[in-house]
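Trainee: Letter by letter, the chains look like this.
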Amino acid sequence: MASLATVLCFLTLPIVAIFVDTGPLELLASLREDGALEALRLSVVCSAIAIGIIVLVGTPAAYLLATRRFRGRATVVTLIEIPLVLPPAVAGIGLLAALGPNGLLGSLIDDAGIELVLTTAGVIVALTFVSAPFFLRQAQSAFEALDRTWLDASRTLGASEPRTFLAVAIPTAGPGLISGLALAWGRALGEFGATLMFAGSFRGVTQTVPLAIYQDFSTDFTGALALSAVLVAVSAALLLSVKLLGGSEWLGGAAR
Amino acid sequence: MLRVEASTRLGAFALDVALEVPAGCCLALAGPSGAGKSSVLRVVAGLVTPESGRVSCGEAVWLDTARRVDLAPERRRCGYVFQEYALFPHLRAWQNVAYPLRELRGRDRRRRALELLERFEVAHLADARPRTLSGGERQRVALARALARRPDALLLDEPLSALDARTRASAGRELAAVLREAGVPALLVTHDFVEAALLGDRVGVIDGGRLVQQGTAAELAASPASAFVADFTGAVVLTGTARPGADGLTHVTLDGGGHVASTGSGEGLVAVSVHPWEIAMEPAGTPSAGSAQNRLDVEIVSVTAIGNRVRLGLAAPQPFVAEITEASARAMKLSPGVRAVATWKAASTRVLER
Numbered sequence: 001m002a003s004l005a006t007v008l009c010f011l012t013l014p015i016v017a018i019f020v021d022t023g024p025l026e027l028l029a030s031l032r033e034d035g036a037l038e039a040l041r042l043s044v045v046c047s048a049i050a051i052g053i054i055v056l057v058g059t060p061a062a063y064l065l066a067t068r069r070f071r072g073r074a075t076v077v078t079l080i081e082i083p084l085v086l087p088p089a090v091a092g093i094g095l096l097a098a099l100g101p102n103g104l105l106g107s108l109i110d111d112a113g114i115e116l117v118l119t120t121a122g123v124i125v126a127l128t129f130v131s132a133p134f135f136l137r138q139a140q141s142a143f144e145a146l147d148r149t150w151l152d153a154s155r156t157l158g159a160s161e162p163r164t165f166l167a168v169a170i171p172t173a174g175p176g177l178i179s180g181l182a183l184a185w186g187r188a189l190g191e192f193g194a195t196l197m198f199a200g201s202f203r204g205v206t207q208t209v210p211l212a213i214y215q216d217f218s219t220d221f222t223g224a225l226a227l228s229a230v231l232v233a234v235s236a237a238l239l240l241s242v243k244l245l246g247g248s249e250w251l252g253g254a255a256r
Numbered sequence: 001m002l003r004v005e006a007s008t009r010l011g012a013f014a015l016d017v018a019l020e021v022p023a024g025c026c027l028a029l030a031g032p033s034g035a036g037k038s039s040v041l042r043v044v045a046g047l048v049t050p051e052s053g054r055v056s057c058g059e060a061v062w063l064d065t066a067r068r069v070d071l072a073p074e075r076r077r078c079g080y081v082f083q084e085y086a087l088f089p090h091l092r093a094w095q096n097v098a099y100p101l102r103e104l105r106g107r108d109r110r111r112r113a114l115e116l117l118e119r120f121e122v123a124h125l126a127d128a129r130p131r132t133l134s135g136g137e138r139q140r141v142a143l144a145r146a147l148a149r150r151p152d153a154l155l156l157d158e159p160l161s162a163l164d165a166r167t168r169a170s171a172g173r174e175l176a177a178v179l180r181e182a183g184v185p186a187l188l189v190t191h192d193f194v195e196a197a198l199l200g201d202r203v204g205v206i207d208g209g210r211l212v213q214q215g216t217a218a219e220l221a222a223s224p225a226s227a228f229v230a231d232f233t234g235a236v237v238l239t240g241t242a243r244p245g246a247d248g249l250t251h252v253t254l255d256g257g258g259h260v261a262s263t264g265s266g267e268g269l270v271a272v273s274v275h276p277w278e279i280a281m282e283p284a285g286t287p288s289a290g291s292a293q294n295r296l297d298v299e300i301v302s303v304t305a306i307g308n309r310v311r312l313g314l315a316a317p318q319p320f321v322a323e324i325t326e327a328s329a330r331a332m333k334l335s336p337g338v339r340a341v342a343t344w345k346a347a348s349t350r351v352l353e354r
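The listed protein sequences correspond, in order, to chains U and Y. Following our numbering, the numbering of the first sequence begins with 1 at its first residue and continues without gaps. Following our numbering, the numbering of the second sequence begins with 1 at its first residue and continues without gaps.
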């Protein structure tokens, strides 16, 4: 019991402190500052786009990884998981080395007329890179846990493989997919290092909430605290709504 | 007519079978678990492609490895009833049945699904989720779903094994009726020979990926091709009508004539079963003596040696078999054409409702 209490205290105290230190009025006041709202908007929009890309591309990819047996599959799975253990700064350097102006694909991207470094698009790339593995891993294990006879039954009932994927695999793996989405989104909202190195920290262009907090905290600690409180609230609301959705009758309740 | 030829490596052993099932017939593939029975169904459905093989149903060729024909499962018209029924957990019962009815829209789709559920007397469960259904109810929904597309062949994997003993008898009876009514070739897989004998018009015994012997259940029991088939076909099964007797025993009038008593209980249409080695032979015309209640006059039609014993194929209104030692068979001069009396105890007789 004591150990659980210690764990609980240690993990919740900083979060509690954020809210205790900022009164609701201060919070509202500091949010009215342009920079804060802009950072918040940028964080939400960029992470939403990144999550959209991850879900659209990652769901079929995770399904193939879970249902197909091919040579080198284990290697592919491991490669996909590597960004999970990559320090964010290393991720940022890696992205620069790959997609930066002098990077591996730099001239290709340049020729296509796309600018990533120090742009909003770069933020999205960084967020996608660091949070995709969280979704892929979770989605893959959700698909692996499915009863394969459901998929077989669907085929014998006249459904093609894509239709089986859409009509049977996705709904039955729903709770797992949603929790993967929540993990990835949480990671994207909190992303700091890779974004800073790859996209920089320009107010209104690439400065997401974590970057704004970092910039503010030496000059305006109260403002940084308020922004932190907002980020915690947004993340918690996201996690909570995703959990509620995952537990609802049409998804989580139905799968078992 | 469903024709299947397939040979392929399957983990530890090789699957190598060739079989034919005429329309309206049910071939029950029986064998121990891991014998490759389900793999045959998967080959027919297209869920697995054998190294070489040919599958055709009527005029349609579903698989011909020599000509590089391999239709996707969704393009083979076969209804597959999976072992645990594989109902989609996120859909209601009627939506499960409607799943293959893609050409219908909206209200027509639901109406047709309800009709199918009605046929299996589970229309009142249309809005239930699979997890809330009992085993028997799931089986009915699964059958309705498998038949929804009007399949050209039916595949059933252990259709009764997920049911408890009480439901199994009635579910088996209904299933037999459904198979007759569907009028398409049906291929059924079971590990239980009695189930195979009750549901299949013919029975194929499969072991180690090979079809060891094929025939009616009576033929297989009477003249097993190997000790494996002999052991597997095990119990004698006779059908009849049961009523409780004043002596506390169940009395069964056998279909075609004859009478058997059992210490088991049952009423109405039943199957009685007894192990062949529980049956003793007496010369014809000997008066009843000893404790055995059951006596049937028989004619010996076959004598098959299985190791140190012989299996006697016996002709009575319903054919059955007995196993005795080789020495006794020689002493009694039992050979085809000889008449004798088969006797066994009521206590060794099981009664199964059907």
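Derived from the structure by calculation, the hints contain no laboratory data. Hints should not be assumed to be uniformly reliable.
Claimed, not checked - Derived SDA-like pairs (lysine to any residue); straight-line CA-CA distance at most 25 angstroms:
#  : chain 1 : residue 1 : chain 2 : residue 2
1  : U       : K243      : Y       : A284
2  : Y       : K345      : Y       : D297
3  : U       : K243      : Y       : K345
4  : Y       : K333      : Y       : P317
5  : U       : K243      : Y       : T132
6  : Y       : K333      : Y       : D255
7  : Y       : K345      : Y       : Q213
8  : U       : K243      : Y       : K333
9  : U       : K243      : U       : P60
10 : Y       : K345      : Y       : A225
11 : U       : K243      : Y       : D297
12 : Y       : K333      : Y       : L352
13 : Y       : K333      : Y       : S302
14 : U       : K243      : U       : G158
15 : U       : K243      : U       : L40
16 : Y       : K345      : Y       : A284
17 : Y       : K345      : Y       : V212
18 : U       : K243      : Y       : G248
Said to hold, decoys possible - Estimated spans, in silico, between C-beta atoms of each pair:
#  : chain 1 : residue 1 : chain 2 : residue 2 : range
19 : U       : E161      : Y       : M1        : 56 to 64 angstroms
20 : U       : L108      : Y       : E103      : 46 to 54 angstroms
21 : Y       : H124      : U       : L240      : 32 to 40 angstroms
22 : Y       : G106      : U       : V76       : 50 to 58 angstroms
What the hints assert, rightly or not - Here are some of the chain Y residues that sit facing chain U, going by a computed Cβ distance under 10 angstroms:
#  : residue
23 : R76
24 : R77
25 : G135
26 : A142
27 : R149
28 : P336
29 : G337
Ideal Cβ positions, reconstructed from N, Cα and C, are used throughout, including at glycine.
Trainee: None of the hints should be skipped; say for each whether it holds.
Mentor: Each hint, compared with the structure:
Of the pairs offered as hints, the one joining U/K243 and Y/A284 is violated, with about 78 angstroms between alpha carbons and a cut-off of 25 angstroms exceeded. Among the hinted pairs, Y/K345 with Y/D297 is consistent with the structure: their alpha-carbon atoms are about 15 angstroms apart, no more than 25 angstroms. Of the supplied pair hints, the one linking U/K243 and Y/K345 is violated, its CA atoms being roughly 64 angstroms apart against a limit of 25 angstroms. Of the supplied pair hints, the one linking Y/K333 and Y/P317 holds, its CA atoms being roughly 23 angstroms apart against a limit of 25 angstroms.
Between U/K243 and Y/T132 the alpha-carbon distance is near 24 angstroms, which keeps this suggested pair within the 25 angstroms criterion. Distance restraint check for Y/K333 and Y/D255: the Cα-Cα separation of roughly 30 angstroms exceeds the 25 angstroms cut-off, and the hinted pair is therefore not satisfied. Distance check on the hinted pair: Y/K345 and Y/Q213 sit about 31 angstroms apart at the alpha-carbon level, beyond 25 angstroms; violated. Restraint check for U/K243 and Y/K333: not satisfied, since their Cα atoms lie roughly 79 angstroms apart, outside the 25 angstroms limit.
A distance of roughly 22 angstroms separates the Cα atoms of U/K243 and U/P60; the hinted pair therefore holds under the 25 angstroms criterion. With a C-alpha separation of about 28 angstroms, the suggested pair Y/K345 and Y/A225 falls outside the 25 angstroms cut-off, and the hint is violated. A distance of roughly 72 angstroms separates the Cα atoms of U/K243 and Y/D297; the hinted pair therefore is violated under the 25 angstroms criterion. For the hint pairing Y/K333 with Y/L352, the CA-to-CA distance comes to about 34 angstroms; that exceeds 25 angstroms, so the pair is violated.
Simply put, Y/K333 and Y/S302 have alpha-carbon atoms about 13 angstroms apart, close enough for the 25 angstroms limit, and the pair holds. With a C-alpha separation of about 34 angstroms, the suggested pair U/K243 and U/G158 falls outside the 25 angstroms cut-off, and the hint is violated. Proximity of U/K243 to U/L40 is assessed by CA-CA distance (about 23 angstroms); at most 25 angstroms being required, the pair is judged to hold. Taking the CA atoms of Y/K345 and Y/A284, the gap is near 18 angstroms; set against the 25 angstroms cutoff, the hint holds.
Taking the CA atoms of Y/K345 and Y/V212, the gap is near 32 angstroms; set against the 25 angstroms cutoff, the hint is violated. For the hint pairing U/K243 with Y/G248, the CA-to-CA distance comes to about 62 angstroms; that exceeds 25 angstroms, so the pair is violated. Range check, U/E161 to Y/M1: about 29 angstroms between beta-carbon atoms, so the 56 to 64 angstroms window is missed. The hinted window of 46 to 54 angstroms between U/L108 and Y/E103 holds, with their beta carbons roughly 47 angstroms apart.
Between Y/H124 and U/L240, the C-beta spacing of about 38 angstroms keeps the proposed range 32 to 40 angstroms intact. For the pair Y/G106 and U/V76, the supplied restraint of 50 to 58 angstroms is violated, since their beta-carbon distance comes to about 43 angstroms. Taken as an interface hint, Y/R76 checks out: its beta carbon lies about 8 angstroms from the nearest beta carbon of chain U, inside 10 angstroms. For Y/R77, the interface hint holds, since its Cβ comes within 10 angstroms of a Cβ in chain U; the closest pair sits about 8 angstroms apart.
For Y/G135, the interface hint is violated, since its Cβ never comes within 10 angstroms of a Cβ in chain U; the closest pair sits about 16 angstroms apart. A least Cβ separation of about 9 angstroms between Y/A142 and chain U falls short of the 10 angstroms threshold, and the interface hint therefore holds. The interface hint given for Y/R149 holds, since its Cβ lies 6 angstroms from the closest Cβ of chain U, which is under the 10 angstroms cut-off. Among the interface hints, the one on Y/P336 is violated; its C-beta lies about 47 angstroms from the nearest C-beta in chain U, farther than the 10 angstroms criterion.
Because the smallest distance between the Cβ of Y/G337 and any Cβ of chain U comes to about 50 angstroms, over 10 angstroms, the interface hint for this residue is violated.
When each numbered hint is compared with the structure, violations occur for hints 1, 3, 6, 7, 8, 10, 11, 12, 14, 17, 18, 19, 22, 25, 28 and 29.
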